[in-house]
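Top to bottom, those sequences are chains A and B. In terms of my numbering, the first sequence opens at residue 92 and continues consecutively. In terms of my numbering, the second sequence opens at residue 30 and continues consecutively.
If you're looking for bench data, these hints aren't it; they were derived computationally from the structure. No residue lacks a Cβ here, since even glycine has one placed at the ideal position from N, Cα and C. Treat the hints with care, as some may be off.
[Stated by the list, open to error] Output of the computed footprint for chain B on chain A, the stretches with three or more beta carbons under 8 Å from beta carbons of chain B:
hint, region
1, 241-254
2, 268-275
3, 313-320
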Amino acid sequence: MSYDAWILLTGSLVGLTCGVTGALLVLRKMSMLADAISHTVLLGIVGAFFVTQSLNGLPMLIGAAIVGVLTAFFVQMLDSSGVQSDAAIGVVFTSLFALGVVLISFVGDSVHLDVEHALMGEIAFIPWDTLTVQGMNLGPKAVWMLGFVFLINVLFITLFYKEIKLTTFDPQFAALLGIPVMFIHYLLMGMISLSTVASFDSVGAILVVAMLIVPGATAYLLTDRFLILLILSGLIGILSAVTGFAFAVLFNVSIAGSMACATGLYFILAFIFSPKHGILMKQIRKYRLSSEQS
Amino acid sequence: MNALSVQNLTVTYDKTPVLQKVGFEIPKGSLTGIIGPNGAGKSTLIKAILQLIPRISGDIQVYGKPYHRQRRLIGYVPQRSEVDWDFPTSALDVVLMGRYGHIGLIKRPGKKEIQIAKEALRKVGMEEYQDRQISQLSGGQQQRVFLARALAQDAQIYFMDEPFVGVDAATEKAIIQLMQEWKEEGKTVLVVHHDLQTVEDYFDHVLLLNKSPVGCGPTQKVFTMENLKQTYGGSLKFLGENSVVLQERV
Ligand SMILES: Nc1ncnc2c1ncn2[C@@H]1O[C@H](COP(=O)(O)OP(=O)(O)OP(=O)(O)O)[C@@H](O)[C@H]1O
Ligand SMILES: [Mg+2]
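Could you put the whole structure together from the sequences, leaning on the hints where they help?
Given below as structure tokens:
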């Protein structure tokens, strides 16, 4: 595959994985937690590096999942002991991220791991960092990691589909039925962490939040069906990646940045033109009603 | 047999207990009104029984077995506003959730479950609205959908927290009718209720509550002026019309 094709595939996988998983967060009104986790997983990555002395995919995923779930756990703990929930997120997020930043300075120069890279990512380098097994070039590592994480997420969402749905919609009723509400919560946080880490190299910690939240928020404006919302969110993620890439090539600007911008563009379009919840249709409906009455 | 037996139940939110050493028993097949002033702990009682809030002490038995082994027998009509109304889900979807406890983890609702859910919607007169997103229903219609969800649960003991608040006469009638049907099927129903005037018409049992039970038993025996005074204390005089009605009856 050509260099461009790899980048396009990587971006699309980021859009798809983050879109589907992030939509669940949007529905739970926990978008800010995505912001927190996308930063604190840095600590998980650094931690995994210190344990294994390498930047391998699997330990990184595990480290990130642990720290991501820990982030959610600390936030929950502070929250339930009376700290305001936005303050709780702020405190946990900054402390764990800061710890990651401090620890990263102990990582030698031999390894490509620094704060700027973690924050911004660089999708343009992705095609060169390939996975080779027995001398065979299997394509970029990031593609494999994203594909793997996407499959895991889809597996969990399929297995716990109705549990995820009910715990989001009506946690009290879910608890009444004996559904493990907290388990589902942390499962989702784990999925978010995995998606974040897998996207890290490509778009970095800041822009990954756009990929997690915006497609879900856009799909939310377009449908009243849970399943369709998840699928739509994934598709919007892909669409944003493709559009963003085209734009970046055309104007020679940051690819990841353009992708994130594209998510915002689709959100605005949906916000205005959505047949159900768009402001334009609302105005038209109002106008029709008032002209009918006069 | 007792459908519900509560012993030594104590619940606190902060320091002072909201419920202290509450104990009572509800016979199978009864229709019980839970009555008491604002802040008496009625909602707290239901939530504690359903283990939605932690308790300090208390033994709860449902049909002779500990609560956690009887979850499938429990139906619950929550107070409105406790769900995410904007969640992308239809009325039928919500009713289907009543079947989740029967389906078990991981499995999906099949044709049979959908049939049951549709039947439940029909029973509360909401079949036309099955595909509506739930925030696009009126308050009374939403209440009916949650009633249908409880119906779909096919429970043996139902808990309803103020089901008549904000519904019209027709919906109130529909709820009463459903409660009566449940009773005839030998099911047990507990309802938090505020309108003292209708207590004697709706319920064959009452539980008078103010932090601890003032009385619990058949309506004619327990729903007396004296007990009510004890339950409502000084606030009874604010009941105005109602207390006059009560005075005549007692
Ligand atoms: N989440 C909470 N935290 C702290 N105190 C609470 C909480 N919920 C209820 N309380 C207190 O517990 C007491 C009982 O409340 P509860 O809601 O059970 O009353 P209720 O009988 O249902 O009243 P109402 O008729 O107004 O619904 C009240 O004094 C209330 O202030
Ligand atoms: Mg109450």
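For each hint, the structure was consulted:
1. Check on the region 241-254 of chain A: 5 of its residues sit with their Cβ under 8 Å from a Cβ of chain B, so the three-residue criterion for coverage holds.
2. Only residues whose C-beta sits within less than 8 Å of a C-beta in chain B count toward coverage, and the region 268-275 of chain A has 3 of them, enough to reach three; the restraint holds.
3. Requiring three or more residues with a Cβ within less than 8 Å of a Cβ of chain B, the coverage given for the region 313-320 of chain A holds, as 6 such residues are present.
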